[in-house]
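Enquirer: One letter stands for each residue in the lines below.
4 protein chains.
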Amino acid sequence: MGNYKTLKEEVYEANMQLPRLGLVLYSFGNASAVDRNKGVFGIKPSGVPYAELRPEDVVICDFNGKPIDGNRRPSSDTKTHAVLYKEYDAIGGVVHTHSTYATAWAQALKDIPVFGTTHADYLITDIPCALPMKDDYIQGDYEHMTGYQIFDCLKERKLDYKEVQMILVGSHGPFTWGTTVGKAVYHSAVCEEVAKMAYLTLQINPDALPLKDTLKRKHFDRKHGKDAYYGQGCR
Amino acid sequence: MGNYKTLKEEVYEANMQLPRLGLVLYSFGNASAVDRNKGVFGIKPSGVPYAELRPEDVVICDFNGKPIDGNRRPSSDTKTHAVLYKEYDAIGGVVHTHSTYATAWAQALKDIPVFGTTHADYLITDIPCALPMKDDYIQGDYEHMTGYQIFDCLKERKLDYKEVQMILVGSHGPFTWGTTVGKAVYHSAVCEEVAKMAYLTLQINPDALPLKDTLKRKHFDRKHGKDAYYGQGCR
Amino acid sequence: MGNYKTLKEEVYEANMQLPRLGLVLYSFGNASAVDRNKGVFGIKPSGVPYAELRPEDVVICDFNGKPIDGNRRPSSDTKTHAVLYKEYDAIGGVVHTHSTYATAWAQALKDIPVFGTTHADYLITDIPCALPMKDDYIQGDYEHMTGYQIFDCLKERKLDYKEVQMILVGSHGPFTWGTTVGKAVYHSAVCEEVAKMAYLTLQINPDALPLKDTLKRKHFDRKHGKDAYYGQGCR
Amino acid sequence: MGNYKTLKEEVYEANMQLPRLGLVLYSFGNASAVDRNKGVFGIKPSGVPYAELRPEDVVICDFNGKPIDGNRRPSSDTKTHAVLYKEYDAIGGVVHTHSTYATAWAQALKDIPVFGTTHADYLITDIPCALPMKDDYIQGDYEHMTGYQIFDCLKERKLDYKEVQMILVGSHGPFTWGTTVGKAVYHSAVCEEVAKMAYLTLQINPDALPLKDTLKRKHFDRKHGKDAYYGQGCR
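Protein chains in written order, with full-length UniProt numbering: chain A, 1 to 235; chain B, 1 to 235; chain C, 1 to 235; chain D, 1 to 235.
Next comes chain A alone, as it looks inside the complex:
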C-alpha cells in the first residue's frame, strides 16, 4: 500500500465501524481521514459493500478531491470531504451516513433541538439542518458545493466547527467530523441516537421545551470546558 499504509488502515477501520454501529445499509456512507503533513486524505471507494472492503481499496486524494493513489474510484461525496479538510484546519476525519433517524430530520428540513443532557454532552446548540442549495449549484459542481453548504450554514449561524461537529445536510443526511476519524465516527453514532431521542421526545410531548441554559452549559463544560472532569483526562 506504499506511502499511505497507515492512513489507509485508519480509514478502513473507521469505515468498518459504520455497519457495526448500525449506521449504514449496504454502501450508504463513507469515512475519511487526513494526513495534514502530506496534504492528502484517504476515503472509501465508491459503492463498494463493507463486506468486500479491504484497506488497499482506500483511495488517497488531494484537497481538491483529486485521486492521487489507489486503483478505485473514490466515494461520490469525496469533494464534500475535501472542502471540509481545506476549510477546517483542526479536523482529522469526516464521516457521512444515511443513518435512519438523523436522515429523517434532514428530510423534514428541521434542526434537532437540544432536549436533554445526552445532546448537551456534545454540543449546546441545536444540530443545524443546512437547507438545500440553489438549483444552479445542484446542477453544477454539486459535491463541492455541498461542502460549502455546510461551511456557509455554520458561518451564517456563527457556529464554531470545533464545537459543532455534526450537521444535517437538508434532504440528504448527516455529516460529522472530529479531531480524528475515530471521533468523527463517534459523533455519527451520537448524532443518530440524539436524533432518535429528540423524535421520541416530541412524540411524547409536542410542546417539549429546549433544555435550560444552565444545564446545557454544565453538561458541555464538564466534558469539554477548561475544568472538564469527565473521562480520564486525555480526551
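Don't read these hints as lab results, they were simulated from the structure.
Heads up, some of the hints might be wrong.
Identical copies go unnamed one by one, so any copy, or any two together, can satisfy a pair.
Once the Cα atoms are required to be at most 20 Å apart in a straight line, the calculated SDA-like pairs of lysine to any residue come out as [unchecked claim]:
hint: 1; residue 1: 110; residue 2: 205
hint: 2; residue 1: 183; residue 2: 161
hint: 3; residue 1: 110; residue 2: 208
hint: 4; residue 1: 134; residue 2: 124
hint: 5; residue 1: 223; residue 2: 180
hint: 6; residue 1: 110; residue 2: 209
hint: 7; residue 1: 110; residue 2: 202
hint: 8; residue 1: 110; residue 2: 210
hint: 9; residue 1: 5; residue 2: 56
hint: 10; residue 1: 162; residue 2: 227
hint: 11; residue 1: 134; residue 2: 212
hint: 12; residue 1: 212; residue 2: 131
Assemble chains B, C and D onto chain A, guided by the hints.
Expert: Only chains B, C and D this time, still in chain A's reference frame:
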C-alpha cells in the same frame, strides 16, 4: 438438481438473504430468478421456513406459473412473478416480502413520497401503491391478477419498469425486481429503509415537502444516468 | 424426568424460542403444552430466567392448574392456561408474552384492526382485546378468571377459538394458542408483527380502512380453507 | 485488586450487562454496588468504553463520593450515587443509563403512567420524573444535588424508595436501584421496556386510561406482597 442447478442455487442464495436483512418473519416472502434462454424461472417453495430451505427445494416454473421441475409446491405468489417475467423483458429477478414499514405504507394505501436523496438514489418518483383490485378479480385468478395490478399501475402512471423497480401492492406488501435477483433483493432492502425514513419524516414534520426536482435528478443521474460517477463503473 | 420426559422437552423447546424471537424480556412470558391422554399439561416454572431454564424444570399440572410433577413452582399464569385446555378441546399449546407492540395495543384497550393480508393470512377478524374484568374477579381467583375473560370474550363476539387463535387480555398482554405449542409460539410472533404493522399503518394514515372482505376471505382461505394451496399440504 | 476484589468484580459484571441489554451506547451509563460493612461503593471509571473495561478499573469511593482506591477517575455521576447510598439504607446497587425511551420521557418532562400489568409488576405508581433543579444548584455541586433532586422528588410525592426503585431525572435520564446491583440493572431494563410500551400506548390511544387500582394492586402483590406467589420463593 438436473438441468437447473445454477438457477436453483441462485434462487436459494437470494431467498436466504431475506431473513438476514430482517425483511421476512418465518416464510413471509419469496425470491425468484429467471433463465430467459430456457424460458423458466425458479422460485421458493410455498410455506417452507428459511432455516429448512435447501437449493434442491427450489421449484422451476414456466411463464404461466406452471411447475415443470422440483418436488415441492411453488410459492402461492408464483403467478404474480410469472406475469412480471412475461411482461417485463429486461428483469432477471423478483422479490416479494412483508417487510414491516413498506407493508405499513401498503396497508395505509399511500404512495411513499420522495423526501430525500436516499430515495432519489434509486427512483425519482414516489414508490407507487397499487390500489386493491376489483372483487371479481380477487375471487378469480387472484395471484395472476396481482401481476396485472402491478403492471396496470405502472402503465396508468406512465412509469417505466426499468426505472421504477419497486411497488407496493395495496393492503398487501412490496414487490421489487431488478436485472438480477440480487438486485431485486437489494431493492427490497432499500424500499424498506426508504419506507421507514419517509414514515419518520412525516412524524417529525407532517408538512414535509417532496425533494426538489434538481436534487431528484442529480442523485438519480449520478448513479444511473449516462454520465454516472457512483460506484466502480460496473453496475 | 420420569413419565413426562417428552412433554417437558417440548415445553422447554417452545419456551426457549420466545427470547430468540424477541418476544420476551427476562422471564416475561410462558409457554405450555398439553398431553390430552394423560390429562396434564407442562408449563414453565415461575420467574426462572430463560438462560437458566432446563427441561427438568418444567412443571406438570392437571386441568385445575394443580402441580402434580416437578420440583418448581409453576408460572403464576398457570390457571389461565388450565382454563383454556379445559374449555378448548382442540388446542395443544398456549403461549403468553408481554411482547412490546401487542402489549401496547392491550394497554390501549383496543382491538387490532385487520389492515392487510399479513393479518388475514391468520384470521379474518380483528384481534380482540378482552376488556379488564370486574374488581371482585380480580381480587378473587385472578388467573383462573383471566381464562374466563378470554373464553367469555370469544363467546360474546361469536368467535371460534379454532379460527381466532390470538387475543389481547386488556391492560395485560397477548395470549395465543394452536393445535401444537409450536403453532402457539408461531401465533405469538405473528401477533406481535401484525400489532406493529397496524400501529404503523394508523400513524401513516389515521383514516386507514379495514381490509376489504374479498381480500380477507381470499387470503384466509388460500391458507386455511378446504381448497388451501399455501404450504406443502401438511399444515 | 486488594481489599475490594469481590466488590470490583460485582461492579464490573453489572456494568458489562448494560451494553448487552441494549441500554447504553459507548460509555453512556454507569453501575455501582455498595459494601455497607466497609462504608464504600465501587463504580465505573469515567468515560471508559465497555469493551475496554476491566474489573481492576472499578473505582472505590466513600459515601461523599471521594475515591479511596483505584487508579482511575470515577464516573462523573459518582456523587449522585453517593447521595443515594447515604440516604437509602437498604439499597445495594445503583444504575444510571441514557436508555432511549426512558430518556425521551425524561426529556419530555413527563411521568410514565401505569398503563398495564408489566409496569404494575414492579411499581404501582407512575415512574416519577423529577423536574430539573434550580439554576444555582446546577451551577453548584451539580452531581451531589442530582442525588437530592431524586431524594426530594420521592419525598414530596410521599413515595417509598423500597417500592419505587426507578426514577427519571428530568432532561437527563433514568436512575434505578435495588437491594443488589443485579436488581438495579434489572430495573433499568424494565424501566426502558415500560417506557417504550407507554409511549406506544399513547400513540395508539391518546386517551388511554391508567390501569385500574385493583389490577395494580393484584400484580404488585403477587410479586412483592406478603403472600407473593410469583417466582421460586427466594426473590
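Enquirer: Under a CA distance limit of 20 Å, which applies to residue 223 and residue 180: within one copy, between copies, both, or neither?
Expert: within (17 Å within a copy, 30 Å between copies)
Enquirer: How would you classify residue 110 and residue 209 at a CA-CA limit of 20 Å: within, between, both, or neither?
Expert: Both. Shortest intra-copy (16 Å) and inter-copy (12 Å) distances satisfy the 20 Å Cα cut-off.
Enquirer: With identical chains, the pair residue 110 and residue 210 could be close in the same copy or across copies; at 20 Å between alpha carbons, which is it: within, between, both, or neither?
Expert: Answer is both; intra-copy 14 Å and inter-copy 14 Å each pass.
Enquirer: 20 Å Cα cut-off: does residue 162 pair with residue 227 within a copy, between copies, both or neither?
Expert: Intra 17 Å, inter 37 Å, cutoff 20 Å: intra-copy only.
Enquirer: I want to check one pair: residue 110 and residue 205. Are their C-alpha atoms no more than 20 Å apart within a copy, between two copies, both, or neither?
Expert: both (17 Å within a copy, 8 Å between copies)
Enquirer: I want to check one pair: residue 110 and residue 202. Are their C-alpha atoms no more than 20 Å apart within a copy, between two copies, both, or neither?
Expert: The answer is both: 13 Å in one copy and 12 Å across copies each meet 20 Å.
Enquirer: Evaluate residue 212 and residue 131 at a C-alpha cut-off of 20 Å and name the case that applies: within, between, both or neither.
Expert: between (26 Å within a copy, 11 Å between copies)
Enquirer: When Cα atoms must be at most 20 Å apart, do residue 110 and residue 208 count as within-copy, between-copy, both, or neither?
Expert: For residue 110 and residue 208, both the intra-copy (15 Å) and inter-copy (10 Å) Cα distances are at most 20 Å.
Enquirer: Using 20 Å as the alpha carbon limit, work out where residue 5 and residue 56 are close: within a copy, between copies, both or neither.
Expert: within (8 Å within a copy, 35 Å between copies)
Enquirer: Can you tell me if residue 183 and residue 161 fall within 20 Å by alpha carbon in one copy, between copies, both or neither?
Expert: within (14 Å within a copy, 39 Å between copies)
Enquirer: For the identical chains here, do residue 134 and residue 124 meet the 20 Å Cα criterion within one copy, between copies, both, or neither?
Expert: between (29 Å within a copy, 19 Å between copies)
Enquirer: Are the CA atoms of residue 134 and residue 212 at most 20 Å apart within a copy, between copies, both, or neither?
Expert: between (35 Å within a copy, 10 Å between copies)
Consistency with the previously given hints is maintained throughout, with no hint failing.
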